[in-house]
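Residues per chain are reported as follows:
Number of protein chains: 2
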Amino acid sequence: MDIKNICILGAGNLGTRIALQAALSGFDVVVYDIEQKALDFSLTTMQKILSHLHRAGQIREDIDASFPAKIRFTLDPQEAVRDADVISESVTEDLEVKKKVWRQFGAIAPEKTIFTTNTSYLLASMFAEESGRQEKFCAFHFHDVFYSRVVDIMPHSDTDPGIIPILEDLGRKLNQVPIILKKENPGYLFNTLLLALLGAAAKLLNREVASFQDIDRAWMVNFHMPMGPFGIMDSVGLDTAWHIISALPDRHSQAFAALLKTYLDKGKLGEKAGEGFYSYPNPEFKKPEFIM
Amino acid sequence: MDIKNICILGAGNLGTRIALQAALSGFDVVVYDIEQKALDFSLTTMQKILSHLHRAGQIREDIDASFPAKIRFTLDPQEAVRDADVISESVTEDLEVKKKVWRQFGAIAPEKTIFTTNTSYLLASMFAEESGRQEKFCAFHFHDVFYSRVVDIMPHSDTDPGIIPILEDLGRKLNQVPIILKKENPGYLFNTLLLALLGAAAKLLNREVASFQDIDRAWMVNFHMPMGPFGIMDSVGLDTAWHIISALPDRHSQAFAALLKTYLDKGKLGEKAGEGFYSYPNPEFKKPEFIM
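Listed in order, the protein sequences are those of chains A and Y. As numbered in UniProt numbering, residues 1 to 292 make up the first sequence, in order. As numbered in UniProt numbering, residues 1 to 292 make up the second sequence, in order.
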């Protein structure tokens, strides 16, 4: 199957980045959202990303800020999916919203369309059935498209195995490294690994074995890494971390969530709030003396 | 307290590296072992490390292969500790051996001596009492001295808090990043974090969520790291990993140990054996196409 047309549902941060990368990779792209201001935001964001890629020398000279004009933006569902070979859905991470969107688009998409969701924490099997074609349905999960170039391909139990190689090939054409899961796993692979690391760090802090700075330092120096577990949490956002961790039932996760809650209650949401475990924009762990 | 004389007990790999770094840092160093061939091995190893540091441009020109002649090597316990401000013990990782050594040296060391152990998996509190001076006793744990420049300072419940800043200062003078633990924790900080990561990776593999290559790939690409959990295990040695993990009581660790055992039974001990999860010297994960 030759993929040419990609329909992006949801013009938020990730949908926008996927759409831009798809257009840069030569695909015909339509971006759909329910509000004009979301589409306007998407266009502006694309221009910002392009100028960033230009400054970093990561993009062809002839691709300039006018490029997104080649991408179609629409509020019309029919128009959005008319020729779609693949739908990539990045709507709000809310089960009821996902169900509603897939009922709507499953009913109007052409026979040929492969359905993919970019869900981060939900599982495709929770809403694939709503599309009426769960065998054409697979999680196709991007991280941030340009910096972390990973796309997870995670089938659920009813996914037709024949669409895996098609998505693998599409992932490569989108300049991503495809990671293939054999079955569903909440958080895919990376988040599962990362959460284990962050959970162990939080447990050391909760047990008062060491300061968060020393825990980060141990990781950074041994692995020659630019940040440690608590720096990573600040970068992810302590609210996001809390949201994920508070949903886990085990005792250690609950203690970890309680620790994060003490930060949230003081408005310390991490890097974006200027304060988390560290203070920004010049956190202690980025200073040379931190690892001396 | 001004540290000048350092006594190294055990002329194995780590004792040798600590001794060399201490001498390079301007300390007077005596290396003690029970066998002449261990001392000979230590001297030869120091010469190899020096020539390696020279090639890497990480050492002063005037320090050549004759340098270790400045370090004293001895089979005589009395001679070894006569002026020791600090003892750094790196004998075999065996509780009975550690106990015996500390009974012996606790009895003959000068009043001033600070006692440190480089134990990796045992806790100082398991044998500090044998020295007769557990308040002078603290874990002072090096990783590999030259590449991973971390030294863990881990007091046990009877350690005199006054020796922590002395060891912190000594650690810096030895060109290490001191990491301070507030209480004992098996595996210090780094091994606790690493084990959590490796355990999560093993659980994904055991549950057949993905191949070990895809699990490594997810970690490597997202974190821009040169290897993933299974590459790290190969590098640590699957026998060493098994040794640590099989001692942990929980179900996941036992399943992880059982998985590693299937490799050990085939002689696949990791990088040093030419075969582990990957084949060496050119493992798949180092090839450019691995993350494409």
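Check before you lean on any hint, since a few could be wrong.
Since the list gives no way to pick one copy over another, a pair counts as held whenever it fits inside one copy or between any two copies.
As the list claims (entries may be wrong) - Straight-line alpha carbon distances no greater than 27 Å define the calculated DSS-like cross-link-like pairs of lysine-lysine that follow:
#1 K37 / K261
#2 K70 / K287
#3 K4 / K70
#4 K261 / K272
#5 K173 / K286
#6 K183 / K48
#7 K37 / K48
#8 K182 / K203
#9 K268 / K99
#10 K286 / K182
#11 K112 / K70
#12 K112 / K48
Keep in mind the hints are simulated off the structure, nothing from the lab.
Structure-based check of all given hints:
1. Taking identical chains as interchangeable, the C-alpha atoms of K37 and K261 are never at most 27 Å apart, the minima being 33 Å within one chain and 58 Å between chains.
2. Taking the shortest alpha-carbon separations for K70 and K287, neither the intra-copy value of 43 Å nor the inter-copy value of 36 Å comes in at or below 27 Å.
3. With identical chains, the CA atoms of K4 and K70 are at most 27 Å apart within one copy only, with a shortest distance of 14 Å there and 72 Å across copies.
4. In this assembly of identical chains, the alpha carbons of K261 and K272 lie at most 27 Å apart only when taken from the same copy (17 Å versus 45 Å across copies).
5. Taking the closest pair of Cα atoms, K173 and K286 come within 27 Å of each other only across two copies (22 Å); inside a single copy the shortest separation is 35 Å, beyond that limit.
6. With identical chains, the CA atoms of K183 and K48 are never at most 27 Å apart, being 37 Å at best within one copy and 49 Å at best between copies.
7. Taking the shortest Cα distances, K37 and K48 sit within 27 Å of each other inside one copy (16 Å), while across copies they are farther apart (66 Å).
8. In the homo-oligomer, the alpha carbons of K182 and K203 lie at most 27 Å apart only across protomers (14 Å), although the nearest pairing inside one protomer, at 31 Å, exceeds that limit.
9. In this assembly of identical chains, the alpha carbons of K268 and K99 never lie at most 27 Å apart, being 33 Å within a copy and 48 Å across copies at closest.
10. Taking the shortest alpha-carbon separations for K286 and K182, only the inter-copy value of 24 Å comes in at or below 27 Å, while the best intra-copy value is 39 Å.
11. Within a single copy, K112 and K70 get their C-alpha atoms as close as 24 Å, which meets the 27 Å cut-off; across copies the closest is 77 Å, which misses it.
12. In this assembly of identical chains, the alpha carbons of K112 and K48 never lie at most 27 Å apart, being 34 Å within a copy and 64 Å across copies at closest.
Consistency note: the structure conflicts with the earlier hints numbered 1, 2, 6, 9 and 12.
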